[in-house]
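Please put together the full structure from these sequences, using the hints given.
4 protein chains.
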Amino acid sequence: EKNFFLVAGPCVVESEELIMEVADKVSGICKRLGIPYVFKSSYRKANRTSANSFTGIGDETALQLVKKVGETYGLPTTSDIHAHDEAAPAAKYVDILQIPAFLCRQTDLLIAAAETGKVVNVKKGQFLSGPSMKFAVDKILKAGNEKIILTERGTTFGYQDLVVDYRNIPWMQEHGAPVVMDCTHSLQQPNQTSGVTGGNPQMIGTVAKAAIAAGADGLFIETHPNPGVAKSDGANMLRLDLLEGLLEQLVKLRKAVL
Amino acid sequence: EKNFFLVAGPCVVESEELIMEVADKVSGICKRLGIPYVFKSSYRKANRTSANSFTGIGDETALQLVKKVGETYGLPTTSDIHAHDEAAPAAKYVDILQIPAFLCRQTDLLIAAAETGKVVNVKKGQFLSGPSMKFAVDKILKAGNEKIILTERGTTFGYQDLVVDYRNIPWMQEHGAPVVMDCTHSLQQPNQTSGVTGGNPQMIGTVAKAAIAAGADGLFIETHPNPGVAKSDGANMLRLDLLEGLLEQLVKLRKAVL
Amino acid sequence: EKNFFLVAGPCVVESEELIMEVADKVSGICKRLGIPYVFKSSYRKANRTSANSFTGIGDETALQLVKKVGETYGLPTTSDIHAHDEAAPAAKYVDILQIPAFLCRQTDLLIAAAETGKVVNVKKGQFLSGPSMKFAVDKILKAGNEKIILTERGTTFGYQDLVVDYRNIPWMQEHGAPVVMDCTHSLQQPNQTSGVTGGNPQMIGTVAKAAIAAGADGLFIETHPNPGVAKSDGANMLRLDLLEGLLEQLVKLRKAVL
Amino acid sequence: EKNFFLVAGPCVVESEELIMEVADKVSGICKRLGIPYVFKSSYRKANRTSANSFTGIGDETALQLVKKVGETYGLPTTSDIHAHDEAAPAAKYVDILQIPAFLCRQTDLLIAAAETGKVVNVKKGQFLSGPSMKFAVDKILKAGNEKIILTERGTTFGYQDLVVDYRNIPWMQEHGAPVVMDCTHSLQQPNQTSGVTGGNPQMIGTVAKAAIAAGADGLFIETHPNPGVAKSDGANMLRLDLLEGLLEQLVKLRKAVL
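These protein sequence lines are chains A, B, C and D, in that order. Numbering follows the numbering used here, in which position 232 of the first sequence is assigned residue number 232; successive positions increment by one, without gaps. So the number in the numbering used here is just where the residue sits in the second sequence, counting from 1, plus 1000. So the number in the numbering used here is just where the residue sits in the third sequence, counting from 1, plus 2000. So the number in the numbering used here is just where the residue sits in the fourth sequence, counting from 1, plus 3000.
Hints may be right or wrong, so weigh each one.
[To be verified] Cross-link-like lysine-lysine pairs, in silico, DSS-like; alpha carbons within 30 Å at most: (1) K1002/B x K2/A; (2) K252/A x K1031/B; (3) K68/A x K45/A; (4) K147/A x K3045/D; (5) K1142/B x K2142/C; (6) K1045/B x K2045/C; (7) K2/A x K1252/B; (8) K1252/B x K252/A; (9) K1031/B x K255/A; (10) K3142/D x K45/A; (11) K3045/D x K2255/C; (12) K2031/C x K3255/D; (13) K1045/B x K2147/C; (14) K2252/C x K3255/D; (15) K2067/C x K2147/C; (16) K3255/D x K3045/D; (17) K3025/D x K231/A; (18) K2067/C x K2045/C; (19) K1231/B x K2142/C; (20) K1118/B x K2045/C; (21) K2/A x K1142/B; (22) K1255/B x K25/A; (23) K2255/C x K3255/D; (24) K3031/D x K2252/C; (25) K3025/D x K2255/C; (26) K31/A x K68/A; (27) K3045/D x K118/A; (28) K45/A x K3118/D; (29) K252/A x K1002/B; (30) K67/A x K142/A; (31) K3252/D x K2031/C; (32) K3068/D x K3092/D; (33) K3147/D x K45/A; (34) K1255/B x K255/A; (35) K3252/D x K2002/C.
The hints are simulated quantities; they were obtained by calculation from the structure and are not laboratory data. Please read all numbers here as calculations on a predicted model, not as lab measurements.
Structure follows, in structure tokens:
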């Protein structure tokens, strides 16, 4: 019996205390529920809407903390990279390099990530179809790396909304890679006049359940003990204390799907 | 334990033989699986893309055949109406009046349907949000009818594609009506240069499973023994012999969701 | 030298005084500027978002007033119809029957309008492409009427916005009909939670100028002396006193395009 | 009297012969018509759909050729950059650094470009609204550079089409920067199954005229003597021999708009 896997953590490494707390709670829940768990937290936010937004506590410091989480809890870890020259340094600390959706067509970045030999998780651009992700996969394969994950995180739907097209799950699985649904970013409300991306966290359960039913191999859920004070993506992260109940439901659903 | 209900049948009443065959098979499957079943077939197609497309065998004849199906198999029945003056005549034959998506804002039509006292099933326009369907519900309630169903059938996504936004299931349930997912029309590919709407029937299972997981109360699936020769919507109906296997999976999924 | 024509007036016939005032002002401006002018006002609003919205002062009364405007100022007139049985009665009073965008695929309505022998102006559905309007044209031609106008009024772009695709002007001209840009409805903001469609009237000039440059044959502009108190579409009509300056610019632009 | 400016050239530096030919023809036409002309050609294509597509003849070589064009014909020049570490090297050769649409939210890239002191031309992402480009402008201003151009190049409209929203011209002008319409990329047809982006070059005139009418300060038009054999974007470039007639029309239109 094969469960889905979970990629989860706070959007950005705010402090050691925060990421340890989240990893501790989530790894406990996942162990109990038999869910393979990958710890995720960004060491830097490189494409915030506004120049005034928080971008991180320092790349090296944040990456070392992510690594420490992995070692402490025996978890694989992941973080996103934003330029070709970040691939090799980040690969020293994390197991999976995540390519942001806006950057999924940047050939140099994909190749640099591929050449580290780490798993590469490419988020589908908001402007791309699932079938077109074949070309991202091909770029990574051509660079000699077959460890690829693809992630759906919603598609442009007017300026201030995203829509999740679940057809992308089977479409992207045809490329031979496991497909993850990003249940939190896909509920973002971009292009707000405030310069702060909005969200719709009460829909996370709906997105996650539909994804599991549609056959997703993994889920990506950003979570924080108190999203209201989070330094990035506070509007769409799941409150940490809601995670366990949701995962229990999803495990039950997964069994019915297989 | 409450199962989902199924609205199903061939897109249009092509012949007595066809609708009897479909009703016979589908009612047998649904009885076995404990799925409440509503037989659906249109007595007329009033908004075909092209003037050359088949529109029906005659309104009265077709409605009588739909009624006969209901009596023969002990099923509630439904068909769609297209103008206020069709509401009362159609209500003599069917139990549920379906309002087409393009027409969901036509106040006269909604009121005429409401005033028959029959159940009114309004399809959400391709141009409408789930929250906006509140105003359709209000028009029917104001006309004194509380028997309302709302159906999601996809939203305009570029000219030649539709996308299903599963957020509309919980959003429309907030209006106090059961919500149905139309698993076949939501896969249409409109605006084809041929004048014949295209489809994507291999995705019907994906749409149906995601809908059940997202909490849909019912499913709408057009089905035909041989979609390739169907006189309308051949490109997106489910082949009748595939229905049973799909429904078995969905019943299992439903139990995991409740 | 061939100027563009103008279809303009207040959204709905609120009173004799209002429509006479608008017709008087606009016909004076158009005479001076050499713009053929068609007076437009709806005798009824049949698809308001909310059941509580104003729908008219009575069909017959409103149609008679529209006719009176035409006779008083020597203008052709137009109003929209919403069901097949409105075509013949409305045709007694107006010169051009307008088919609402939501209804542009309703075959019965198109045929009933065509059979009156009046000019039929079909608005492109928010869910349709310009090339697909060929099928609406064909339905009217097949009913024996060659007097057809097509109108662009924006396309669904997320739930709460419309976008104008100017490619539709040349695309629809290929169907052999003059093409009108509806400069006010194309700026609507639908699906507002208030149940009242929003608007963006400060962009009317941008839409109108781009349309003339792209070769539109006519413009449709709803105008009202005081949109803030209008009983329908107050959020997107042009203030009447701004019309003259805009039309002067557009006439100059038109000359540069020819 | 202030004319619009033109950014034009072949998509990518294929050879010295090609770029000299284009610069020679276009600079002659622009001189005659009083259009300020900026020569554009990419020294590298970093985000081709497919890994098998042509990416350039070598960065240094291509940049030197672009510079030579500028010196030979007395033209300012521009090329796009794709990562922060390309900004300073490219700035040695060109006058305007262009930020690709997919990358318009990459803070590091915007800052690196800004810090060269060159003009920075940011293309609006296919997923961004015009008002949101304020935040890109702010990032550049904050880095001490006020020489900013913004370019509209179409917005995601379903998977395989883009739509140009002309409201973005006045919206982006509110940010205090001149606004350019990219008349060729905005007609791309992305996400084709072939892995080669499609196009719609017969609509270039429509896009360009609507843009001038809507008040665009500049136009961006990729052009090639023989788009059919071009090594990139062959499907949407304008045939070089069609440019002069189009520009003549546009100059006439511009005069009518001012």
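These are the hints, each one checked on the structure:
1. Among the hinted pairs, K1002/B with K2/A is consistent with the structure: their alpha-carbon atoms are about 28 Å apart, no more than 30 Å.
2. A hinted pair counts as satisfied when its Cα atoms are at most 30 Å apart, and K252/A with K1031/B qualifies at roughly 26 Å.
3. Restraint check for K68/A and K45/A: the C-alpha separation of about 20 Å stays at or below 30 Å, so the hint holds.
4. Note on K147/A and K3045/D: the hinted pairing holds, with a Cα-Cα distance of about 26 Å set against a maximum of 30 Å.
5. At roughly 40 Å between alpha-carbon atoms, K1142/B and K2142/C are farther apart than 30 Å, so this suggested pair is violated.
6. Of the pairs offered as hints, the one joining K1045/B and K2045/C holds, with about 25 Å between alpha carbons and a cut-off of 30 Å not exceeded.
7. Distance hint between K2/A and K1252/B is fulfilled; the C-alpha atoms sit about 17 Å from each other, no more than 30 Å.
8. Distance check on the hinted pair: K1252/B and K252/A sit about 11 Å apart at the alpha-carbon level, within 30 Å; holds.
9. Taking the CA atoms of K1031/B and K255/A, the gap is about 25 Å. The hint holds against a cut of 30 Å.
10. With a C-alpha separation of about 18 Å, the suggested pairing of K3142/D with K45/A holds against the 30 Å cut-off.
11. A distance of roughly 41 Å separates the Cα atoms of K3045/D and K2255/C; the hinted pair therefore is violated under the 30 Å criterion.
12. Distance hint between K2031/C and K3255/D is fulfilled; the C-alpha atoms sit about 25 Å from each other, no more than 30 Å.
13. Annotation: proposed proximity of K1045/B to K2147/C holds, straight-line Cα distance about 26 Å (limit 30 Å).
14. Restraint check for K2252/C and K3255/D: the C-alpha separation of about 9 Å stays at or below 30 Å, so the hint holds.
15. Distance hint between K2067/C and K2147/C is fulfilled; the C-alpha atoms sit about 20 Å from each other, no more than 30 Å.
16. The suggested pairing of K3255/D with K3045/D is violated, with an alpha-carbon distance near 36 Å, which exceeds 30 Å.
17. Between K3025/D and K231/A the CA atoms are separated by roughly 53 Å; this puts the pair beyond 30 Å, and the hint is violated.
18. For the hint pairing K2067/C with K2045/C, the CA-to-CA distance comes to about 18 Å; that is within 30 Å, so the pair holds.
19. Our distance criterion of 30 Å between C-alpha atoms is met by K1231/B and K2142/C, whose separation comes to about 21 Å.
20. With a C-alpha separation of about 25 Å, the suggested pair K1118/B and K2045/C falls inside the 30 Å cut-off, and the hint holds.
21. Our distance criterion of 30 Å between C-alpha atoms is broken by K2/A and K1142/B, whose separation comes to about 51 Å.
22. Distance restraint check for K1255/B and K25/A: the Cα-Cα separation of roughly 29 Å lies within the 30 Å cut-off, and the hinted pair is therefore satisfied.
23. For the given pair, K2255/C sits about 11 Å from K3255/D by alpha-carbon distance, which is consistent with the 30 Å threshold.
24. Pair hint K3031/D plus K2252/C holds up; C-alpha atoms about 26 Å apart against a cutoff of 30 Å.
25. Taking the CA atoms of K3025/D and K2255/C, the gap is about 29 Å. The hint holds against a cut of 30 Å.
26. With a C-alpha separation of about 19 Å, the suggested pair K31/A and K68/A falls inside the 30 Å cut-off, and the hint holds.
27. Taking the CA atoms of K3045/D and K118/A, the gap is about 26 Å. The hint holds against a cut of 30 Å.
28. Restraint check: the Cα-Cα separation between K45/A and K3118/D comes to about 26 Å, which is no more than 30 Å; the hinted pair holds.
29. Among the hinted pairs, K252/A with K1002/B is consistent with the structure: their alpha-carbon atoms are about 17 Å apart, no more than 30 Å.
30. Taken as a hint, the K67/A and K142/A pair is honoured in the structure, with Cα atoms around 29 Å apart against an allowance of 30 Å.
31. Proposed proximity of K3252/D and K2031/C is supported: the alpha carbons are some 26 Å apart, at most 30 Å.
32. Proposed proximity of K3068/D and K3092/D is supported: the alpha carbons are some 12 Å apart, at most 30 Å.
33. A distance of roughly 26 Å separates the Cα atoms of K3147/D and K45/A; the hinted pair therefore holds under the 30 Å criterion.
34. In summary, the hint linking K1255/B to K255/A is supported, as the alpha carbons are separated by about 11 Å, within the 30 Å threshold.
35. Distance check on the hinted pair: K3252/D and K2002/C sit about 17 Å apart at the alpha-carbon level, within 30 Å; holds.
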